[in-house]
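2 protein chains.
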Amino acid sequence: MALEEGNSSPAAEIQASEAESRAAVSTDSSDSKGVSKKQAKKEAMKAEKLRRKQEEAAATAVATAAKAAEADPLAGSYGDLPMEELQSKAVTGRKWTEVGALDADLADRAVLIRGVAQTIRAVGKKIAFVVVRQFTATVQCVLTVNEELVSPQMVKYATSLSRESIIDVEGVVSVPSEQIKGTTQQVEIQVRKLYCINRAVASLPINIEDAARSEEEIKEAEKVGEKLVRVNQDTRLNNRVLDLRTPANQAIFRLECSIENIFREFLRSEDFVGIHTPKLVAGSSEGGAAVFKLDYKGQPACLAQSPQLYKQMVICAGFGRVFEVGPVFRAEDSFTHRHLCEFIGLDVEMEIKEHYFEVIDIVDRLFVTIFDYLNEKCKKLLDAINKQYPFSPLKYLRKTLLLTFEEGVKMLKVAGVEVDPLGDLNTEAERKLGRLVLEKYDTEFYVLHRYPLAVRPFYTMPCPDNPLYSNSFDVFIRGEEIISGAQRVHIPDFLASRAEACGIDVSTISAYVDSFRYGACPHGGFGVGLERVVMLFCGLNNIRQTSLFPRDPQRLVP
Amino acid sequence: MALEEGNSSPAAEIQASEAESRAAVSTDSSDSKGVSKKQAKKEAMKAEKLRRKQEEAAATAVATAAKAAEADPLAGSYGDLPMEELQSKAVTGRKWTEVGALDADLADRAVLIRGVAQTIRAVGKKIAFVVVRQFTATVQCVLTVNEELVSPQMVKYATSLSRESIIDVEGVVSVPSEQIKGTTQQVEIQVRKLYCINRAVASLPINIEDAARSEEEIKEAEKVGEKLVRVNQDTRLNNRVLDLRTPANQAIFRLECSIENIFREFLRSEDFVGIHTPKLVAGSSEGGAAVFKLDYKGQPACLAQSPQLYKQMVICAGFGRVFEVGPVFRAEDSFTHRHLCEFIGLDVEMEIKEHYFEVIDIVDRLFVTIFDYLNEKCKKLLDAINKQYPFSPLKYLRKTLLLTFEEGVKMLKVAGVEVDPLGDLNTEAERKLGRLVLEKYDTEFYVLHRYPLAVRPFYTMPCPDNPLYSNSFDVFIRGEEIISGAQRVHIPDFLASRAEACGIDVSTISAYVDSFRYGACPHGGFGVGLERVVMLFCGLNNIRQTSLFPRDPQRLVP
Chain E
1 MALEEGNSSP AAEIQASEAE SRAAVSTDSS DSKGVSKKQA KKEAMKAEKL RRKQEEAAAT
61 AVATAAKAAE ADPLAGSYGD LPMEELQSKA VTGRKWTEVG ALDADLADRA VLIRGVAQTI
121 RAVGKKIAFV VVRQFTATVQ CVLTVNEELV SPQMVKYATS LSRESIIDVE GVVSVPSEQI
181 KGTTQQVEIQ VRKLYCINRA VASLPINIED AARSEEEIKE AEKVGEKLVR VNQDTRLNNR
241 VLDLRTPANQ AIFRLECSIE NIFREFLRSE DFVGIHTPKL VAGSSEGGAA VFKLDYKGQP
301 ACLAQSPQLY KQMVICAGFG RVFEVGPVFR AEDSFTHRHL CEFIGLDVEM EIKEHYFEVI
361 DIVDRLFVTI FDYLNEKCKK LLDAINKQYP FSPLKYLRKT LLLTFEEGVK MLKVAGVEVD
421 PLGDLNTEAE RKLGRLVLEK YDTEFYVLHR YPLAVRPFYT MPCPDNPLYS NSFDVFIRGE
481 EIISGAQRVH IPDFLASRAE ACGIDVSTIS AYVDSFRYGA CPHGGFGVGL ERVVMLFCGL
541 NNIRQTSLFP RDPQRLVP
Chain A
1 MALEEGNSSP AAEIQASEAE SRAAVSTDSS DSKGVSKKQA KKEAMKAEKL RRKQEEAAAT
61 AVATAAKAAE ADPLAGSYGD LPMEELQSKA VTGRKWTEVG ALDADLADRA VLIRGVAQTI
121 RAVGKKIAFV VVRQFTATVQ CVLTVNEELV SPQMVKYATS LSRESIIDVE GVVSVPSEQI
181 KGTTQQVEIQ VRKLYCINRA VASLPINIED AARSEEEIKE AEKVGEKLVR VNQDTRLNNR
241 VLDLRTPANQ AIFRLECSIE NIFREFLRSE DFVGIHTPKL VAGSSEGGAA VFKLDYKGQP
301 ACLAQSPQLY KQMVICAGFG RVFEVGPVFR AEDSFTHRHL CEFIGLDVEM EIKEHYFEVI
361 DIVDRLFVTI FDYLNEKCKK LLDAINKQYP FSPLKYLRKT LLLTFEEGVK MLKVAGVEVD
421 PLGDLNTEAE RKLGRLVLEK YDTEFYVLHR YPLAVRPFYT MPCPDNPLYS NSFDVFIRGE
481 EIISGAQRVH IPDFLASRAE ACGIDVSTIS AYVDSFRYGA CPHGGFGVGL ERVVMLFCGL
541 NNIRQTSLFP RDPQRLVP
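In the order they appear, the protein sequences are chains E and A.
For the first sequence, my numbering assigns the number 1 to the initial residue and increments by one for each residue that follows.
For the second sequence, my numbering assigns the number 1 to the initial residue and increments by one for each residue that follows.
Among the clues, some could well be false.
[Said to hold, decoys possible] Part of the chain E face toward chain A, derived, beta carbon under 7 Å:
(1) A200
(2) V201
(3) K297
(4) K353
(5) S515
(6) R517
Everything labelled a hint here was simulated from the structure, so no lab data went into it.
Since the structure is predicted, the reported quantities are computational estimates derived from the model, not experimental observations.
Glycine included, every Cβ here is placed at the ideal spot set by N, Cα and C.
With the rest of the complex left out, here is chain E (with noise of 0.2 Å):
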């Protein structure tokens, strides 16, 4: 009991965002509250002890610093900053420069940045050269011994620092008469000031530098015989902090955030809402292995598997066409490229008026509009990422093209493969039906439609002319299946009967089924995974990469 009383269950905190933690803590009994206020003070005197420890560190360090003012005058030009200078001592109106902004229009100017030293070098004892950081841009910093303003012992210090200490740096942009090789800005800066604000570890788990090579650097260097570190992913994964900072990782989250981006702003120029559906549901009644369950005070519960049954819900509710994007959860023990335990769901569901060629038409639509901004608008983030993991651009039709189910069994017929008429495609055929409609119509972005009923989930429309067949359709990128969509079945009693046929006992989906019973309308919707459209856009080779802070059956952490 004693970790529940008041304040003193702070490890409840740790990830309580404020905002609804605070307002929990406001609205505590006065009970709770005086326990609350004596653990409050007692906590405050000692953070003051802290404080005061650190204070006298500071003070030391000043005393310390003085000692070599002694000796250099320039001192005061560069050192590491204490605490007290980072807790919002003052706002002194002073500008910073973007790292990624720095260029020849900037010559002689002085400039402030802040960024990561990312590689530090000394040529003797009187130059070091610094190359600050910021996002996927890189500026050359050099200090160069001086009467003036750099002494030896500023040189010193610089070269003192450990790799990814993040500093500020003052000085003058120069611009050199060659070309920077090892820098993505073309100016360096000749340093007059340098800062520590925060020290690195001075061994790092895995180098940026390693982490940021690509495969074919690693394979041309070992033709010269000499080998370079390759990160392998799980060490990357563990030590994801530092992983992401690579170039190819920056670009590969906004490219994602840019996608989530266009994906909400066409759907919304479509009169598509955006919604949020709940991600914990009633009853473990969904059962099997790929749900997650939990306790929810005293109730069998678990988390979705993905929006299908409440966005089909909202469509019951009159809001015609609906879209969100959110976490969706599977406990399957899927250990592929292709399979996370919780990635987020692009989902879609929309009121049809005569046919699921309507919702086709949506993701034709969207995708081509996605892949042109992708290729128009994002070529910096395209090149960052095709730096270290080359790709070649994703062929696309303006229209995209649509086969049917058989005619995609018949293609893989005449090509020698023979599959199920009436099954799926598992993944190898699904590969080689891409490299035919490739070589066929030149493009790597289709629609395969009219699935087998069989294999599509009791909520798809059987077609009109065929019950055999079903509303459906997948959607494939580079040969891998990316979306999945139909129409689905409106009509309750049906809808029912369909579950029922499939094994699903109907009393757990009640509410579901029911939502039918007040006027609905014929509807279809789609369903697309964020991680997997930039990893196969990009023709990454595993998801995880695509996924800030990828879980697996094995991984939870970070």
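Position chain A against the provided structure of chain E, taking the given hints into account.
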């Protein structure tokens, strides 16, 4: 085990976003594939059987219709559409006009609309009125017996429709000489054809008319001795699919979507990157009653109570400025008007150069932008909400008022309310302060900063001049706390000692603390609950009104 064999675990697919579940199927072993094939055919047979049954029913319907047709040569102009007509049978190219687009410009034009039969009223046997609703727009459709176009049987058919059924109406737009009171659109449709797409059950659990009624209207009626139905909240939430069809609810969730969009757009224009952090996190380390625990493949795990630790880690990964929109889970037993067990968090985290005022500056400009947008661009939505739930426009300043916690305490003291100067404000004190601020500064939106350190989470940076206070802030709307934010501790050893001082086992958050050892910038951020923004901007009195399918300690369904 039987339940998990091959395709016989379709229960697991209920909520499976098709994209991924289908992928899982295609990577099945050939073993389970065999079973699934057999099963697939069995199901296809079942589907066909059902199909045949339906066809027979359709044939009977046709026969009945044929019989009726003998009696009524206009029988083809109305009736219930059989299922096969709604199974994507054909693309006819017909255009449906939106109800909200119907106006006098379309006078004498033939239109086709699809919507909900909101009310149906007969006047004798020769005239019927059907009010059709689509989203928040309504239009009156008139059937008048007429030898060539409308038979008495057709009028009878119209009056047989159940409320909330989905119908297609073809007719000619006419402009009545007098204002139409009961509908949003000021035209009528003279009906020529009327088909029912999907019938609602005859007896609905709640009538939309009742659910859409304002408290005021009920009280006015009471004054003249009339008792109108008042739909209570539990009934609403139990039948959320119907409740959501009211104009106010249609508006609330469109407003919510707009807020999310402005939030994103504003932040992107300020160089923030949208991210997604994991909701499944390791350990039950955060302890207490506030987390939902679950088993993750044999490891103890819980649902993230906020993206706090992860968004800071992304800052450590060099992303500069990030935001996240995603679900947040709280297992708290809070039975208040403002707490949910699952809500949508809007989170921001950013490097700061000098001062946490840089974070407050973002809050200020972001929220003034949001409020301006809502007032200027969402008038219709606000009107729809106002009609059922009247509220006065939010008062806010062009430059948000900033008060220190100490100033707030002083204002309360002067007003006769004593509060602990190093404690937190309770809900009552917050409300009182809200009223005082409104009187003195004429604003219902303001920032209170420099909170006592002891009432803030361990990762909050203490003030540089007084360690009893912190570089933190809360933001209030209409006297209720809505945003909480702060500068964070970015120095790993100090962070660890603060965690320890707050009673947290540091070993359980080592991945987080270690993230600061590789070079970390000073940074800060804040968190907001999306549902609360809508609730407080619109002066609603319960957060369950702004969540599509709210989750509280007692509600997990629908």
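>> Quick check on the hint: R517/E CB to chain A CB, less than 7 Å?
In response: 5 Å, holds
> How about S515/E: closest beta carbon in chain A under 7 Å, or not?
Replying inline: Cβ of S515/E sits 5 Å from chain A, so the hint holds.
>> Quick check on the hint: K297/E CB to chain A CB, less than 7 Å?
In response: Given a least distance of 5 Å, the restraint on K297/E holds.
> Can we keep the A200/E interface hint, with Cβ of chain A closer than 7 Å?
Replying inline: The hint holds - A200/E has a Cβ within 7 Å of chain A, the shortest such distance being about 4 Å.
> Are K353/E and chain A close enough, Cβ to Cβ, to be under 7 Å, as the hint says?
Replying inline: Holds: closest Cβ of chain A sits about 6 Å from K353/E, inside 7 Å.
>> Would the hint on V201/E be counted as holding, given a Cβ-Cβ threshold of 7 Å to chain A?
In response: Hint on V201/E: holds, closest Cβ of chain A at ~5 Å, below 7 Å.
Of the numbered hints listed earlier, not one is contradicted by the structure.
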